[in-house]
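Make a model of the complete structure from these sequences and hints.
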Amino acid sequence: MEKKFGFPKEEHLTSKLIIDRLYKDGASVVSFPLRAVFISLEPQEKQPAAAILINVAKKRFRHAVDRNLLKRRIREAYRLNKAPFIDELGAMGKNMAVAILYIDNKHSSTEYLKRKMAKLLAAIIEKEKKECANS
RNA sequence: ACAGUCGAACGGUCUGUCGCCGUUGCGCUAUAAGCACAAAGGAGGAAAGUCCGGGCAGCACAGAGCAUCCCACUUCCUAACAGAAAGCUGUCUGCGAAGGCAGAGUAAUGCAGAAGAAAACAACCGCCCGCAAGGGUAAGGGUGAGAAGGCGGGGUAAGAGCCCACCAGCCGUGCAGCGAUGUACGGGCUGUGCAUCUUGGGAGCUGCAAGUUCGCGUAUACCGACGUUUGAGAGCUGCUCGUUCGAGUCGGAGGGUAGAACGCUUUAGUCGUACAGCGAUGUACGUCAUAGAUGAAUGACAGACGCCUCUUUCUAGAGGUACAGAACCCGGCUUACAGGUCGACCGUUUAA
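Just so you know, we're using our numbering here: the first sequence kicks off at 1028 and counts up by one.
No lab work stands behind these hints: they were computed from the structure.
Glycine is no exception: its CB is placed at the ideal position from the N, C-alpha and C atoms.
There may be inaccurate statements among the hints.
[Claimed, not checked] Cross-link-like lysine-lysine pairs, in silico, BS3-like; alpha carbons within 30 angstroms at most:
1) K1098 with K1141
2) K1098 with K1085
3) K1143 with K1098
4) K1121 with K1157
5) K1086 with K1098
[What the hints assert, rightly or not] Now the in silico label distances, taken between C-beta atoms and shown as ranges:
6) K1086 with G1053: 12 to 22 angstroms
7) K1086 with A1054: 16 to 26 angstroms
8) A1160 with R1106: 24 to 34 angstroms
9) I1130 with E1153: 16 to 26 angstroms
Rendered as structure tokens:
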């Protein structure tokens, strides 16, 4: 049985090539204080449905401790909310690379981030569906 | 008891749910490898700033000269240092324990300098001698950080180390100290700061995105300049000399890759004991093995307990719980920090 709430290394986005493409061509969705940049990829074997990158800008939080705390909270928010998102992607037969950026200058609680994360992921699916319908 | 100085060490604990990282064990599948399960681990005193020093790595290294940069009381420690220890001299703060700051040399040149009469072969006012011309004079004057070493006495026409006592500085000798230096005696008679400079010691350059190996992939197609002993160009620290290599090199334009492993954690290592030393530290023996990520793990959430402050119906409530996150590794420095602990010492008060 697959673990529902895991976040193994395969789901981290690490390829420099894909990251460059993502920032260049990716579509964007905002659910304040989160912003997602994403791009759909050709499905490949042995690849998870979604690869995620979390980023908190040094410009907004000067200390590494603050950035780490936010990245961890965002990661938890994603980990606990990803199941429906993955299912949808599976249904559409797509792989996706997503960068999640934090665009506030203040800290946010985990509870708040969870709610916003659910919204954000739903918005990605919606936008991608529209995209498919158009093309 | 209160207030303080210096030094040392610490800087949360536990439970539950869901996760992350590498290690080890075991099982499964057909090797490679992957998957599942389990176990024990998984940020700091500053991990920070990246300011010094070293290890390590690559490249370079016949030699000479010039320049550049860093250090500067003494002895000592160290792998090394701009660091530490123990001292020395001057000065400032404090009743004190203590603490801060400065510390190679000054031969030559320059600056100070819009002050002041004068910044070192001085003479504006003043004082003295003199009819005057002129001469003597650093005691008094205002300026300045600094005015002919300070202060008192003698002395003198008035004055002056001109002479004397004491003090400061300089030189010499003796004594004490490894030494900086201190001290005693003697001597002549003495202006300040800064820069350049001088003396002594030191410095090759670049940093783990170093570097090594494997893998993937391509293209020198094209254009321009110079050139093969009439030597393009490159290396040798920044320059010069000198020297070595040398048949391609440089620029434009364009193409490909950006995955993995090693480096990577065992060390100038931790802790303990003994010995040596005032001390930094060293030696010997024993002991322990303790993060290794790479778009970057070491967590999120909930609860309980500590600790601190305030309130209080006196056993509860409210609030707070810092600074801060490894990135090759060490030794320092600097900066940030809720809270409390220990040791030595100092002052005041009380008691004995």
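Hint-by-hint comparison with the structure:
Distance restraint check for K1098 and K1141: the Cα-Cα separation of roughly 13 angstroms lies within the 30 angstroms cut-off, and the hinted pair is therefore satisfied. Between K1098 and K1085 the CA atoms are separated by roughly 12 angstroms; this keeps the pair inside 30 angstroms, and the hint holds. This hinted pair checks out: K1143 and K1098 have alpha carbons roughly 15 angstroms apart, not beyond 30 angstroms. Pair hint K1121 plus K1157 holds up; C-alpha atoms about 14 angstroms apart against a cutoff of 30 angstroms.
At roughly 15 angstroms between alpha-carbon atoms, K1086 and K1098 fall within 30 angstroms of each other, so this suggested pair holds. Look at K1086 against G1053: about 20 angstroms separates their beta carbons, and that is inside 12 to 22 angstroms. Separated by about 23 angstroms at the C-beta atoms, K1086 and A1054 satisfy the suggested range of 16 to 26 angstroms. Under the hint 24 to 34 angstroms, the C-beta atoms of A1160 and R1106, about 30 angstroms apart, fit the expected range.
For the pair I1130 and E1153, the beta carbons lie near 20 angstroms from each other, so the given range of 16 to 26 angstroms is met.
Taken one by one, the earlier hints all hold for this structure without exception.
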